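Line by line, the protein sequences are chains A and B. Just so you know, we're using the numbering used here here: the first sequence kicks off at 10 and counts up by one. Just so you know, we're using the numbering used here here: the second sequence kicks off at 10 and counts up by one.
Treat the hints with care, as some may be off.
Identical copies carry no separate label here, and so any pair may be met within one copy or between two of them.
[To be verified] Simulated crosslink set (EDC-like; lysine to aspartate or glutamate; CA at most 20 Å straight-line):
{"#": "1", "residue 1": "Lys26", "residue 2": "Glu108"}
{"#": "2", "residue 1": "Lys34", "residue 2": "Asp107"}
{"#": "3", "residue 1": "Lys34", "residue 2": "Asp83"}
{"#": "4", "residue 1": "Lys47", "residue 2": "Glu66"}
{"#": "5", "residue 1": "Lys26", "residue 2": "Asp103"}
{"#": "6", "residue 1": "Lys26", "residue 2": "Asp83"}
{"#": "7", "residue 1": "Lys47", "residue 2": "Asp69"}
{"#": "8", "residue 1": "Lys34", "residue 2": "Glu108"}
{"#": "9", "residue 1": "Lys47", "residue 2": "Glu108"}
{"#": "10", "residue 1": "Lys26", "residue 2": "Asp81"}
{"#": "11", "residue 1": "Lys34", "residue 2": "Asp103"}
{"#": "12", "residue 1": "Lys47", "residue 2": "Asp83"}
{"#": "13", "residue 1": "Lys34", "residue 2": "Glu57"}
{"#": "14", "residue 1": "Lys47", "residue 2": "Asp81"}
{"#": "15", "residue 1": "Lys47", "residue 2": "Glu63"}
Please keep in mind that the hints were generated in silico from the structure rather than gathered at the bench. It should be emphasised that the depicted structure is a prediction, and the values quoted were computed from it without experimental measurement.
2 protein chains.
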Amino acid sequence: MSVQEHGRINNVSVVCKANVYFDGKVISHTVLHPNGDKQTLGLIQPGEFRFGTELPERMDIIAGACRVRLADADGWTTYGPGAVFHVPAHSHFDIAVDEGLCEYLCSFG
Amino acid sequence: MSVQEHGRINNVSVVCKANVYFDGKVISHTVLHPNGDKQTLGLIQPGEFRFGTELPERMDIIAGACRVRLADADGWTTYGPGAVFHVPAHSHFDIAVDEGLCEYLCSFG
Numbered sequence: 010m011s012v013q014e015h016g017r018i019n020n021v022s023v024v025c026k027a028n029v030y031f032d033g034k035v036i037s038h039t040v041l042h043p044n045g046d047k048q049t050l051g052l053i054q055p056g057e058f059r060f061g062t063e064l065p066e067r068m069d070i071i072a073g074a075c076r077v078r079l080a081d082a083d084g085w086t087t088y089g090p091g092a093v094f095h096v097p098a099h100s101h102f103d104i105a106v107d108e109g110l111c112e113y114l115c116s117f118g
Numbered sequence: 010m011s012v013q014e015h016g017r018i019n020n021v022s023v024v025c026k027a028n029v030y031f032d033g034k035v036i037s038h039t040v041l042h043p044n045g046d047k048q049t050l051g052l053i054q055p056g057e058f059r060f061g062t063e064l065p066e067r068m069d070i071i072a073g074a075c076r077v078r079l080a081d082a083d084g085w086t087t088y089g090p091g092a093v094f095h096v097p098a099h100s101h102f103d104i105a106v107d108e109g110l111c112e113y114l115c116s117f118g
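With the rest of the complex left out, here is chain A:
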């Protein structure tokens, strides 16, 4: 599902209430597509956070940088703007931001 043109997601609905995790250190807004597809557009403050997955997730880094450790990985991989990583369904991943903000777009399914 790639519906970005020029850094925009077009023809969608946005849920006004944000998703707030880890005391506000991770927040996102949910974007809903006419076909039922869902994305979340979010920001991560410095820190290290673990998220579980139900559906497969594709993470696009929009700005900033993060380190990521998948459930089956020994070490961390660093991702910057334009990078993409995938997380399998029914798994988890650790994501860490060392400084500044990391902005991401998460696509499900």
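Fit chain B to the known structure of chain A by using the hints.
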């Protein structure tokens, strides 16, 4: 401009890159309407912040609470979920969050 239904903003484009102010203590995502209208959907961490306006702004509080002092006001007014305040064009306002997060939808023009 009221295009919210059931807490959603429909038929819009969303800019992936967030607007980041005050070292990330205030962030928002820009929402663009087919007719050119613009809104920003944002979150404010605890602190006190001053914003200038070019266009008139309507601020809808989505969640949490804030205190607001308009340019011509002596004191602060507290707003909670569902509340709305207006800021004139070419002015400024102080907005303060005492605890938690304040979520807002800002409509311009």
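Each hint, compared with the structure:
Within a single copy, Lys26 and Glu108 get their C-alpha atoms only as close as 26 Å, which misses the 20 Å cut-off; across copies the closest is 18 Å, which meets it. Proximity of Lys34 to Asp107 under the C-alpha cut-off of 20 Å is found in both arrangements, the shortest distances being 13 Å within a copy and 16 Å between copies. In this assembly of identical chains, Lys34 and Asp83 lie within 20 Å of each other by CA distance neither inside one copy nor across copies; the values are 25 Å within and 33 Å between. Taking CA atoms no more than 20 Å apart as the test, Lys47 paired with Glu66 passes inside one copy only; the shortest distance there is 11 Å, against 29 Å between copies.
For the identical chains of this complex, Lys26 and Asp103 are neighbours neither inside a copy (25 Å) nor across copies (23 Å), given an alpha-carbon limit of 20 Å. Within a single copy, Lys26 and Asp83 get their C-alpha atoms no closer than 36 Å, and across copies no closer than 31 Å, so neither meets the 20 Å cut-off. Proximity of Lys47 and Asp69 under a CA criterion of 20 Å is satisfied intra-copy only: 14 Å inside one chain copy versus 24 Å between copies. For a Cα distance limit of 20 Å, the shortest separation of Lys34 from Glu108 qualifies both inside one copy, at 12 Å, and across copies, at 14 Å.
Taking identical chains as interchangeable, the C-alpha atoms of Lys47 and Glu108 are never at most 20 Å apart, the minima being 28 Å within one chain and 30 Å between chains. Taking the shortest Cα distances, Lys26 and Asp81 never come within 20 Å of each other, neither inside one copy (33 Å) nor across copies (30 Å). In this assembly of identical chains, Lys34 and Asp103 lie within 20 Å of each other by CA distance solely inside one copy; the values are 14 Å within and 23 Å between copies. For a Cα distance limit of 20 Å, the shortest separation of Lys47 from Asp83 qualifies neither inside one copy, at 30 Å, nor across copies, at 45 Å.
Proximity of Lys34 to Glu57 under the C-alpha cut-off of 20 Å is found in both arrangements, the shortest distances being 10 Å within a copy and 18 Å between copies. Taking the shortest alpha-carbon separations for Lys47 and Asp81, neither the intra-copy value of 26 Å nor the inter-copy value of 43 Å comes in at or below 20 Å. With identical chains, the CA atoms of Lys47 and Glu63 are at most 20 Å apart within one copy only, with a shortest distance of 13 Å there and 34 Å across copies.
The structure is inconsistent with the numbered hints 3, 5, 6, 9, 10, 12, 14, although it conforms to all the rest.
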